[in-house]
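Student: Sequence:
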Amino acid sequence: MTNNDHMTDNPALLVAAAVDRCLTLAETWLAWDGTPIVTDGANLWTPAKAVRRVQDHLIDHLAEVEALLAGATPQEEHWHGRMVTLDADWARFTELDLAEARARWTRLGQSYVNRYATAPDAWDLPRTPNWTLREIAEHVAGITWYAEQVGTLRFGDSARIR
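For the sequence shown, the residue numbers in this note's numbering are 1 to 162.
What the hints contain is simulated information worked out from the structure, not anything from laboratory work. Be a bit skeptical, because a hint or two may be false.
Here are the in silico distance ranges between beta carbons for each label pair [claimed, not checked]:
1. T152 with Q110: 17 to 27 angstroms
2. R127 with F155: 39 to 49 angstroms
3. A99 with L69: 28 to 38 angstroms
4. R127 with E95: 37 to 47 angstroms
5. E148 with Q110: 43 to 53 angstroms
A quick note: this is a predicted structure, and the numbers were derived from the prediction, not measured. Where a beta carbon is used, it is the ideal one built from N, C-alpha and C, also for glycine.
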């Protein structure tokens with residue numbers, strides 16, 4: 001298998017695709033009217049909260065990948081998860097917020113792709129008690145779940161488009 005074959009198989013491409021999906025949803029969040037979206041009967045969601053959770057997840061697991069590749073123990077994460085809604089999560093979601101998310105998420109997604117490209121032989125190495133790098137990428141690709149909690153919004157309608 002050549003180096004280029006590894007690139008087409010790069011599990012981090014799933015992360016980059018998930019970032020693209022999240023951005024597609026976030027483009028509609030400019031229509032948010034300030035009404036929280038309640039999911040699972042207890043979780044409150046706003047665009048800013050979804051942005052925070054997507055970013056936290058991308059950063060947390062990229063740090064985990066870096067630690068594992070360095071042979072270090074990954075640091076525990078201390079993020080406040082989805083069950084917490086911070087005061088900052090109630091902020092309006094503006095064009096600049098979208099531009100910032102686009103810049104951050106795209107760079108983070110590409111960082112996964114680039115980092116994984118440097119270590120194709122390490123993608124499936126067992127790292128007990130941690131996941132393999134492939135499993136981490138598959139898990140991180142689940143960031144779309146956070147964006148889907150806000151979903152697709154449209155102006156003049158506080159309900160999500162289903």
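Student: For a quick check of understanding: which of the numbered hints are violated here, in increasing order?
Tutor: Of the numbered hints, just 5 does not hold.
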